[in-house]
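Line by line, the protein sequences give chains L and B.
Residue numbering for the first sequence is 1 to 701, as defined by the UniProt record's numbering.
Residue numbering for the second sequence is 1 to 701, as defined by the UniProt record's numbering.
By construction, these hints were calculated from the structure, which means they are not laboratory data.
Check each hint, because a few of them may be wrong.
Claimed, not checked - List of simulated lysine-lysine pairs, DSS-like, C-alpha gap at most 25 angstroms:
| hint | chain 1 | residue 1 | chain 2 | residue 2 |
| --- | --- | --- | --- | --- |
| 1 | L | LYS671 | B | LYS687 |
| 2 | L | LYS594 | B | LYS661 |
| 3 | L | LYS677 | B | LYS671 |
| 4 | L | LYS96 | B | LYS682 |
| 5 | B | LYS677 | L | LYS682 |
| 6 | L | LYS687 | B | LYS594 |
| 7 | L | LYS95 | B | LYS671 |
| 8 | L | LYS677 | B | LYS687 |
| 9 | B | LYS594 | L | LYS677 |
| 10 | L | LYS687 | B | LYS192 |
| 11 | B | LYS594 | B | LYS677 |
There are 2 protein chains.
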Amino acid sequence: MTSPEVSFVDDVFDFTDSEDADAPFPPTYMVVRFASSLQPRAIAWLVDKVRGPRSHGGAELLVRRQHTEPGEGVILHVSASCRKLLELAEDMELKKRDQAGLMREFLFAHLRDFVGEKGSREDLLTTAERQLIVRHELDNIRALSEDPSIPGYPNFRMYEGQSIVQVMMHRALITAMYPLHDEESLKRLSTKWYYSKVQPIEDIRLYFGEAVALYFKFLDFYTIKLLLPLAIVGVLQMVLSTYETLPFFCICNVIAVTVFLEVWRRRSNESAFQWGTIGMTSLDEPRPNFHGTMMRDTVTGRLLPQFPRRTTSIRMYCVSLPIVVVCLFLAFLVMLASFYAEERLTQLAKDPESGVTSLTVMLPSVVYSILVYIVNLYYRQLATYLTEWENHRTQSQFERHRVIKLVAFEFVNTFMALFYIAFVYQDMDMLRYQLATMLIILQVVNNAQEAVLPLVMRCLSKVPSPPRVPESSSVRTVSSAGDGGGSGLRYRGLTRASTNELYPGVPEVLQGIPELEPDDPRQRQALAEGAMDVYEGTYDDYLEVFIQFGYVFLFSAVYPQAALWALLNNLMESRVDAFKLCRLFQRPLARRVKDTGAWQRAFEAVGAMSIMTNCGLLCVSPPMRRLAPDLSPTQWVLRWVAVEHLLMGVRYVLHQAIPDKPEWVRVALAKLNYQSKQALRKERALKRRMSSRRSPKKPLD
Amino acid sequence: MTSPEVSFVDDVFDFTDSEDADAPFPPTYMVVRFASSLQPRAIAWLVDKVRGPRSHGGAELLVRRQHTEPGEGVILHVSASCRKLLELAEDMELKKRDQAGLMREFLFAHLRDFVGEKGSREDLLTTAERQLIVRHELDNIRALSEDPSIPGYPNFRMYEGQSIVQVMMHRALITAMYPLHDEESLKRLSTKWYYSKVQPIEDIRLYFGEAVALYFKFLDFYTIKLLLPLAIVGVLQMVLSTYETLPFFCICNVIAVTVFLEVWRRRSNESAFQWGTIGMTSLDEPRPNFHGTMMRDTVTGRLLPQFPRRTTSIRMYCVSLPIVVVCLFLAFLVMLASFYAEERLTQLAKDPESGVTSLTVMLPSVVYSILVYIVNLYYRQLATYLTEWENHRTQSQFERHRVIKLVAFEFVNTFMALFYIAFVYQDMDMLRYQLATMLIILQVVNNAQEAVLPLVMRCLSKVPSPPRVPESSSVRTVSSAGDGGGSGLRYRGLTRASTNELYPGVPEVLQGIPELEPDDPRQRQALAEGAMDVYEGTYDDYLEVFIQFGYVFLFSAVYPQAALWALLNNLMESRVDAFKLCRLFQRPLARRVKDTGAWQRAFEAVGAMSIMTNCGLLCVSPPMRRLAPDLSPTQWVLRWVAVEHLLMGVRYVLHQAIPDKPEWVRVALAKLNYQSKQALRKERALKRRMSSRRSPKKPLD
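Here chain L stands alone, though its shape is the one from the complex (with noise of 0.2 angstroms):
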């Protein structure tokens, strides 16, 4: 770490060179608490696995140990030597910019191409980089043949190859790991981000990874090319008023849904590209998580878990499918209850001995809404279990899987009742009062609930408590892949911790580890961080913009107005989404993504949906039903089926007309394609003369 002439390709790494306890410890990349009951032989075992050679399946980290009271957890912090973590960044195929500015997977020979003559090497990687490679040199400590299970723990068997931060993860012997905030990047990113006009979406790919980044740029350019227009013709056509132009409008904002979505795909995919993730396949290495046979791997022949894909696809159409339809309708009969129930009550009320009084009526949208929210959380659960079981290779599938399972049901919830007052009372004006209230609720809610209300409770826990940290921590939610996707199990976490005193009592078989400084900060920072929130991914941010997106381009025909307070909320909700991250939850694990996922797959269908309620809305619209008297009722809907197949072509010509890359993107893929194509040629070639060379040569024919 300190030497600085080290060349970089010749020279045989010695990973023991910064073990040395008297060196200065580099920074924590992650910090992983053990459960007070854990046996210490377990976590000797353990470390030693952390520092061990790689040719003993062990991870060669570096590791100390936090100070911390008899009887409380063990905390331990894991960091890497520099070189460790470059070499590592290799293996890994991590991409990054070299001096000629393109994209390309960092070879640690190369080094010099990607950190310039006068770079320090230190600066290659970002601190998120930095964590990303830690924790999967973790989640890859991997069981052997001669650890049958966990020292002391008989029962918790493991299978060889299995990744063992993962089996102590899910036995709840680990309780919760995740990586520190770094104060001075953290403020320099803040301050930029709460007060430029554009998003720092670079910086923030930086600190908190590619998934956060892209939901940034998502809603930045969801706000600012398609809210802000839309926003500008619905006040006209507020102002304006008339009946006439609603349909123009109307079509205009389909048509710009249409467009925005494509265009969004092709940005999307600009970023991955830049950010070098748009590579990523199902066929990449596997999450942790995934479970199969230890077999090599078909495509790289390295030794990972197989699963066979068709009993993923039977399990997803032959098990989860039906059951999440079975949900779906219980959650549609449920609705139908309510409103029937409603309609009763309502009808029960006009007679004034039935004893029903109008606050009475109230009751089944109120019972609704309680059930809506309490049903909600179990099918979180049974989504995200479904989803596991199914096994999926990569986070993204997992990710992408779990999303359409939430998605459908909370369209269901979140927009049936709408289309029941739309199309089969028939209401306009009740809808227009539905939607305004909805919207408005839906964006001060979430404010509150993301922002104000942590920062409440917060200020309130500071004061009674000075050592406030420790005791706020009590049940938490520890995802296995630093992400919200994960298992969603439920660990019980540590419920005191040190107070940077020095306590003689560890135990003997931990005294190897060597201990952090007393005066070190990081100890302090470790408990502090490991007492806030878990960030559960993107999907919560990404559901709200979702359903906003529902409300003001499904009913757009009766409530043109939308778009501005939609307009409005973003401007605050993207300020209020980066105060969290900055400053409310435990820093994120940065995840790489190469596009939005099953969320476009979301959007678009939304989007081919409001052609259709859209045009239901105008053909039910008596005003609109004024414009043509003459026409007979059937005549009067096969005219708005007829516009709805015509804007259904129009999406399909504008999807089919807008190719998903942009060329240039399409023409550095193919590049990079070609050139690895000849090189593979070369290697043959160069392969086969020196066998030829060594064999005497044979006629052909």
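Given the coordinates of chain L, assemble chain B onto it according to the supplied hints.
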């Protein structure tokens, strides 16, 4: 050619080794016929280039001259040594199956991996591939800076890098260029083809190339996997003849079509992988007719014509699209006019004094049919011209955009009248009658036109003139890319040819080109096949299937038996097409394709439309209406709109759920990609090490 002991890697290639006039001339791979008026020195100049060394822009091919009478156009036979062909195969990145069964790019240095220890290198390349290679080399003879124009034609100017052969074809100096049939292989293939139950797709591919093989694979798959089951169900429906089961039958139909098209896409990708064409992109080597400024290609670094993609897009959307839309609209108007005229005449015919007989009533239909036929010919030229002007880079793109234009027009002409009968007249009996007539006419006329007519013509022309071949060759279409997609320019061919006699009066400048032996049968063959019709590509064959597909599925609600007729027709059709290709046409140049291009989309569009039309037909059908007399007309219409939307939803879900490529293809492609990426990494690491060894090491930080 005759020396068996050649080591394939190290010895220097001497391209003149087979150019000895006494050595046997290898099989003719390409016949080039020149205009009779062409100045001999232009021919001599071209032949010099064809035989000349690569270093001077030559093609290093072998050339023989055919005996011709003075005043007739010169005919050249072009061939290449086996070694040269293999080298060119490597240059063209031709994919071959190696001994391990893997498709990979052929490498000359790896010859033994492909042919095995005992195999002969002569057998590696099929005749189709050899012809393709030779044609590719001929097209690739490009004008040098010292060739401002064709010798003897100072007005026929060329820019540097232009394909000389293309210029000479464009200027009608070369009147024809075609490969020859391989009588022995053809006999073997045709026997297998006519009599075996399953289409010998692999043999077809080896002889006719991928485009033709894919067409037959599609026809086979469509007939067996879609039409056969539906014909059975259709007959069942006919037997039952109840209106209650008709909707069920229709729903089966449209879902079957959707599944069929998705599964076909998988199959076609499977074939493309096995044939090594799956990696074809729009950034591949441009087709010969592509023009632009000569520049270094961004992807490969080769000197190739470059043309901005943006200009092509602008031309497509701002010029071609409006023109095509106007044409479609005009065709629609003409159809309406024909219907209007017929209606008027029918009304007049009721009045006996008007002088309008029932024969006159048929006049509009007859005039309309003739008009459609004539306009179609012009429109085809227009579409070809527009697509040529759009200047697409690859042959596949060119084909795709030409087919889209043509199919849209054919669709309007063929189906609009039926839509009019179905939804404006709502006369189901008339529709059924029309469908049956057109379906039977289609298959009788087509089969007659394709096989019987040419056969009769040939027999007739055989009787009067024993040396029949030169007589019948008059005006022929020369396609610029060996396929119907070419420029469509017409050249006046040769009118008389040699009678195997030796004539001395050959111009001095051509004396250097050795002549074929006087008794060489190839001379007769070249003339005979030159007189045959040119196979214009698979367009007409696909179009026939497409129109049939439309008849069967767009209106299956009124005529469920259509599938049966289509099935019977197709069983014959594949034999007729086989006969046509083997016996009636000039051998087409093999063309590589990765999918059915625009046809996939066209069939999918009709599949989607069939949902609409069938729902519409059931909705307007009076017997169906009688089944639900309680519903109001509007309710009835809305029911069917709902059913239609539901089916569209099912279609979308199926489209999303069925992956485009089978799992094994995805894995195999990922493996190849991984291997080449690894090779590139190694290569880069190696380079870096070499350069760092040469320069003194510098410290980095």
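Status of each hint after checking the structure:
no. : hint                : in the structure
1   : L:LYS671 / B:LYS687 : holds (19 angstroms)
2   : L:LYS594 / B:LYS661 : holds (20 angstroms)
3   : L:LYS677 / B:LYS671 : holds (12 angstroms)
4   : L:LYS96 / B:LYS682  : holds (17 angstroms)
5   : B:LYS677 / L:LYS682 : holds (13 angstroms)
6   : L:LYS687 / B:LYS594 : violated (31 angstroms)
7   : L:LYS95 / B:LYS671  : holds (19 angstroms)
8   : L:LYS677 / B:LYS687 : holds (17 angstroms)
9   : B:LYS594 / L:LYS677 : holds (19 angstroms)
10  : L:LYS687 / B:LYS192 : violated (41 angstroms)
11  : B:LYS594 / B:LYS677 : holds (23 angstroms)
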